[in-house]
Amino acid sequence: MNAQFKKGVLELIVLESVRQRDMYGYELVEEVSKVVDVNEGTIYPLLKRLTNEHYFETYLRESTEGPPRKYYHVTAAGILYRDQLEKEWMQLSERVWKFLRQNMDTGT
Amino acid sequence: MDKKEFLSGLEQSLSVLEEDELRDIISEYEQHIDMKVARGLTEEEAIADFGSFQELTAQLLEAYHVRADYAAGTGRKAGDGASRKQVWAAGNEKGAEDKWSSRLWKGVRETVFCVKGWLRWMKEQICRPFAGMLKGPDKEKAGMAEEEPKWETGSPVLGGNGGFREDGQERIRLPEDSRGVGRKEGGMNRRRKMTERDGRGMMEQTGAAAGRGMRALGRGIRNLWNWAAGVIWWGIRAAWNVCWILFAMFGVVFGLFSLFVIGVLAILLMEGYPLVGVTVGCVGLALCMFSAAGLGGTMMVKLRREPGPKRPEPWSWKPEPGVKRPEPGSWRAERGPKESEPGSWKAERGLKQPDLRMRRAEEEKPEPWSQEPEPKRPEHGPWSTREAGAQERKPEEGRRELKVVDSEFGQKKNILERDPEIPGQNRRESGRTGRTGEERTESDAGREAGQDA
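As given, the protein sequences belong to chains D and P, one line each in that order.
Using my numbering, the first residue of the first sequence is number 851, and each one after it goes up by one.
Using my numbering, the first residue of the second sequence is number 35, and each one after it goes up by one.
Please note: incorrect hints may appear among the correct ones.
[Unchecked claim] Derived pair list, reagent style BS3-like, types lysine-lysine, alpha-carbon separation capped at 30 Å:
id: 1; chain 1: D; residue 1: Lys920; chain 2: P; residue 2: Lys70
id: 2; chain 1: D; residue 1: Lys920; chain 2: D; residue 2: Lys948
id: 3; chain 1: P; residue 1: Lys70; chain 2: P; residue 2: Lys37
id: 4; chain 1: D; residue 1: Lys856; chain 2: D; residue 2: Lys937
id: 5; chain 1: D; residue 1: Lys884; chain 2: D; residue 2: Lys937
id: 6; chain 1: P; residue 1: Lys150; chain 2: D; residue 2: Lys856
id: 7; chain 1: D; residue 1: Lys857; chain 2: P; residue 2: Lys37
id: 8; chain 1: P; residue 1: Lys38; chain 2: P; residue 2: Lys70
id: 9; chain 1: P; residue 1: Lys150; chain 2: D; residue 2: Lys920
id: 10; chain 1: D; residue 1: Lys857; chain 2: P; residue 2: Lys157
id: 11; chain 1: D; residue 1: Lys884; chain 2: P; residue 2: Lys157
id: 12; chain 1: D; residue 1: Lys856; chain 2: D; residue 2: Lys884
id: 13; chain 1: D; residue 1: Lys884; chain 2: P; residue 2: Lys70
id: 14; chain 1: D; residue 1: Lys856; chain 2: D; residue 2: Lys948
id: 15; chain 1: P; residue 1: Lys157; chain 2: D; residue 2: Lys856
id: 16; chain 1: D; residue 1: Lys920; chain 2: D; residue 2: Lys857
id: 17; chain 1: D; residue 1: Lys920; chain 2: P; residue 2: Lys38
id: 18; chain 1: D; residue 1: Lys856; chain 2: D; residue 2: Lys920
id: 19; chain 1: D; residue 1: Lys937; chain 2: D; residue 2: Lys857
id: 20; chain 1: D; residue 1: Lys884; chain 2: D; residue 2: Lys948
[Unchecked claim] Coverage of chain P stretches by chain D, computed from C-beta distances (three or more under 8 Å per stretch; other residues unrestricted):
id: 21; stretch: 79-85
id: 22; stretch: 88-96
id: 23; stretch: 147-161
No wet-lab data here; the hints were simulated from the structure.
For every residue, glycine included, the Cβ atom is placed at its ideal position computed from N, Cα and C.
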């Protein structure tokens with residue numbers, strides 16, 4: 851997939867994933883990788899940024915496999931932001947789809 | 035590149051960040067690598083999945099609104115003390131300048147730095163003509179051969195190998211503009227560099243060193259002057275204030291004395307003495323004296339104290355082992371109120387304050403509610419549950435309470451943890467309607483957005 855596409859939509863995917871349930875970093879990377887093939891290095895900075903912008907809040911939870919894991923939880927502001935992103939994404943994809951269909955119809 | 039090198043490189047590259055944040059990031063990456071290793075990958079493979087190290091650090095710094103090319107602009111390493119100081123100073127420059135002691139210390143440091151630079155430059159100038167005499171050409175050549183450029187992996191440290199660096203097994207071509215960023219002094223063979231340089235290069239180097247020294251000297255003088263100006267201004271202000279304090283005291287004392295005289299005159303007046311004019315004069319004098327006292331009080335120059343940022347409430351901080359309390363005046367304290375605190379943007383927008391439930395949970399801590407049966411939960415989704423939780427927050431059976439230190443202000447929170455051993459508990463229902471993610475429609479999203487608003 852085009853890297854620019856992924857970059858634009860990655861925030862939405864991450865927000866939606868964490869909205870479904872609280873996740874820790876590695877889990878989130880795996881979850882996002884199911885949707886888009888993404889470089890793992892880009893997820894953590896994104897998480898940091900979203901946390902710094904108060905869209906996520908973090909807490910520690912003990913783990914049986916090692917040290918406590920840092921879980922990310924989406925805040926109310928994060929949910930609003932996610933909804934806004936979703937709306938924009940739907941509008942964009944719909945317009946692009948219409949444009950492509952129109953051109954296809956005209957071509958045929 | 036193995037895990038240790040990667041983490042040390044990351045630490046070095048992100049050293050402009052606060053220590054706690056840095057530890058947090060390092061531990062997260064360490065955990066990630068450990069998990070990958072536990073699943074059968076090697077450390078190198080796990081690190082390679084992160085992609086370009088430079089991009090990674092740049093993105094991390096960007097998340098904190100720190101310029102990734104800051105070190106490139108100054109010609110220093112990101113972890114260099116001076117550049118770090120500048121980054122910090124960018125945040126609290128105003129606050130730092132208000133302190134004379136810090137300005138004095140800054141000036142002394144700059145001056146020492148300047149003197150050291152000049153001494154180094156003079157030493158180089160003196161020793162340069164004798165460099166060839168001390169070691170012959172063959173010996174010099176041998177020295178060149180044995181001292182290969184040293185590479186530092188895992189950090190944007192570059193050598194003179196055409197902009198390549200060694201990252202474990204492969205060499206990665208770096209962009210042109212990043213060459214020379216964070217180059218370590220002494221990483222290359224100094225004599226080799228000197229022999230390769232022509233006269234023009236030496237002149238340029240000498241000029242640059244002299245320029246650096248002059249700039250440092252200028253900075254030192256400027257800081258000392260600032261400090262001296264601050265002291266003079268403090269003296270003038272103190273003298274001014276003392277004068278007005280004395281004036282006000284004079285007014286108060288004479289005003290009280292006038293009141294006493296008025297009282298005496300009033301008694302005499304009642305006994306029939308003709309002292310009406312004197313009494314009225316004394317009343318006027320008393321008014322004048324008290325007015326003078328008021329004037330003296332208002333004319334004093336007060337220290338300008340701007341409304342400072344809200345610091346974490348006393349209740350929110352309890353010392354936690356291994357966690358530093360944010361210092362007053364630090365950028366952490368100056369970031370303003372947290373989203374859940376009164377006065378924050380969130381409170382202004384009328385949004386829910388999730389920390390309230392944390393406080394209530396903390397207050398209700400002694401109650402043995404964890405032994406009670408599971409309370410009846412509302413049928414709707416977790417969004418409504420969260421709102422209801424602000425009123426009465428009781429954990430379900432199988433949940434545990436965790437004390438968590440928030441990364442923003444070091445505030446202590448109680449988190450209700452779901453027991454991972456109970457299947458399905460960690461799975462939160464999707465959406466506020468209680469349906470799964472696939473069932474959630476666009477109309478639901480619109481309705482929820484309306485509720486949020």
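Here is how each hint holds up against the structure:
For a cut-off of 30 Å, the pair hint linking lysine 920 (chain D) to lysine 70 (chain P) stands: about 17 Å separates their Cα positions. With a C-alpha separation of about 42 Å, the suggested pair lysine 920 (chain D) and lysine 948 (chain D) falls outside the 30 Å cut-off, and the hint is violated. For the hint pairing lysine 70 (chain P) with lysine 37 (chain P), the CA-to-CA distance comes to about 11 Å; that is within 30 Å, so the pair holds. A hinted pair counts as satisfied when its Cα atoms are at most 30 Å apart, and lysine 856 (chain D) with lysine 937 (chain D) qualifies at roughly 17 Å.
Taken as a hint, the lysine 884 (chain D) and lysine 937 (chain D) pair is honoured in the structure, with Cα atoms around 22 Å apart against an allowance of 30 Å. Taking the CA atoms of lysine 150 (chain P) and lysine 856 (chain D), the gap is near 51 Å; set against the 30 Å cutoff, the hint is violated. Our distance criterion of 30 Å between C-alpha atoms is met by lysine 857 (chain D) and lysine 37 (chain P), whose separation comes to about 27 Å. With a C-alpha separation of about 15 Å, the suggested pair lysine 38 (chain P) and lysine 70 (chain P) falls inside the 30 Å cut-off, and the hint holds.
Between lysine 150 (chain P) and lysine 920 (chain D), the direct Cα distance comes to roughly 46 Å. Violation of the 30 Å bound is thereby established for this hinted pair. For the proposed pair lysine 857 (chain D) and lysine 157 (chain P), the alpha carbon gap of about 53 Å is over 30 Å, so the pair is violated. Using a Cα cut-off of 30 Å, the hinted pair lysine 884 (chain D) and lysine 157 (chain P) is violated, with the two alpha carbons roughly 61 Å apart. A threshold of 30 Å between alpha carbons decides the hint, and for lysine 856 (chain D) with lysine 884 (chain D) the separation of about 13 Å falls inside it, so the pair holds.
Using a Cα cut-off of 30 Å, the hinted pair lysine 884 (chain D) and lysine 70 (chain P) holds, with the two alpha carbons roughly 16 Å apart. Our distance criterion of 30 Å between C-alpha atoms is met by lysine 856 (chain D) and lysine 948 (chain D), whose separation comes to about 21 Å. Among the hinted pairs, lysine 157 (chain P) with lysine 856 (chain D) is inconsistent with the structure: their alpha-carbon atoms are about 55 Å apart, more than 30 Å. For the given pair, lysine 920 (chain D) sits about 24 Å from lysine 857 (chain D) by alpha-carbon distance, which is consistent with the 30 Å threshold.
Of the pairs offered as hints, the one joining lysine 920 (chain D) and lysine 38 (chain P) holds, with about 21 Å between alpha carbons and a cut-off of 30 Å not exceeded. Restraint check for lysine 856 (chain D) and lysine 920 (chain D): the C-alpha separation of about 25 Å stays at or below 30 Å, so the hint holds. Proximity of lysine 937 (chain D) to lysine 857 (chain D) is assessed by CA-CA distance (about 17 Å); at most 30 Å being required, the pair is judged to hold. For the proposed pair lysine 884 (chain D) and lysine 948 (chain D), the alpha carbon gap of about 27 Å is at most 30 Å, so the pair holds.
Proximity of the stretch 79-85 of chain P to chain D, defined as three or more residues with a beta carbon under 8 Å from a beta carbon of that chain, is established by the 3 residues found. Restraint check on the stretch 88-96 of chain P versus chain D: 5 residues with Cβ-Cβ distances below 8 Å, three needed, restraint holds. Proximity of the stretch 147-161 of chain P to chain D, defined as three or more residues with a beta carbon under 8 Å from a beta carbon of that chain, is not established by the 0 residues found.
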